[in-house]
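S.K.: Protein chains in written order, with my numbering: chain A, 1 to 115; chain B, 1001 to 1115.
Hints are not guaranteed to be accurate.
Part of the chain B face toward chain A, derived, beta carbon under 10 Å [as the list claims (entries may be wrong)]:
(1) Val1048
(2) Glu1099
(3) Pro1103
If you are wondering where the hints come from, they were derived from the structure by calculation, not from laboratory data. Beta carbons are placed, not taken as given, at the ideal position from N, Cα and C, and that holds for glycine.
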Amino acid sequence: AQSVAQPEDQVNVAEGNPLTVKCTYSVSGNPYLFWYVQYPNRGLQFLLKYITGDNLVKGSYGFEAEFNKSQTSFHLKKPSALVSDSALYFCAPQMFSGGYNKLIFGAGTRLAVHP
Amino acid sequence: DTEVTQTPKHLVMGMTNKKSLKCEQHMGHRAMYWYKQKAKKPPELMFVYSYEKLSINESVPSRFSPECPNSSLLNLHLHALQPEDSALYLCASSQDRAESNQPQHFGDGTRLSIL
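Just chain A, with the same shape it has in the complex:
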């Protein structure tokens, strides 16, 4: 069965400190890897993706993510957190399966950045 694990329901971090939101996945084949962010009362916004090449990918709002093939992980990071980063983050491998682009969502991690 395909699955995505985001082991922390919530991550708390002080403003200015580095943050990490963890994601590991068990998906057959070689999926493309995505992170989406959802602010309150908004839809999902694309943050970044890993397709191939350098294991460290950079995305919007200063976020980056590190791909580790042996650990099947794709952790989201930011060197210095902002209060405005507080939101719900979803890790989502995507693959063409059953005739469509299938996003396999993790349960989500709520990031709370405190002043």
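Given the coordinates of chain A, assemble chain B onto it according to the supplied hints.
M.R.: Just chain B now, kept in the frame of chain A:
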């Protein structure tokens, strides 16, 4: 601003009402999706349209009826809904259902409440 526009933003309806949700995109995307999202949960796929044809129906009850009048528009017709159908309904689009290395673009959703 999101590039996928959903209307209305909020909808309250009784169990016997008929209403429709609307989604519009002008990015030239040929794949469009409907998702249902409960609070603090990841989105759940309902339907996929590819080149204006329904390609995936994830065993959604018949009280939800999708329609794709043209490549830019996607509707979701609602009839005789149940209280458990109260949720955020998200529309998304992507360039093509087979291009799994491209992100899906989400609207801000319609928050639906069933009385």
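S.K.: Hint by hint, say whether it matches the structure.
M.R.: The hints, checked one at a time:
no. : hint    : verdict
1   : Val1048 : 5 Å, holds
2   : Glu1099 : 7 Å, holds
3   : Pro1103 : 4 Å, holds
In this structure, none of the earlier numbered hints is contradicted; all agree with it.
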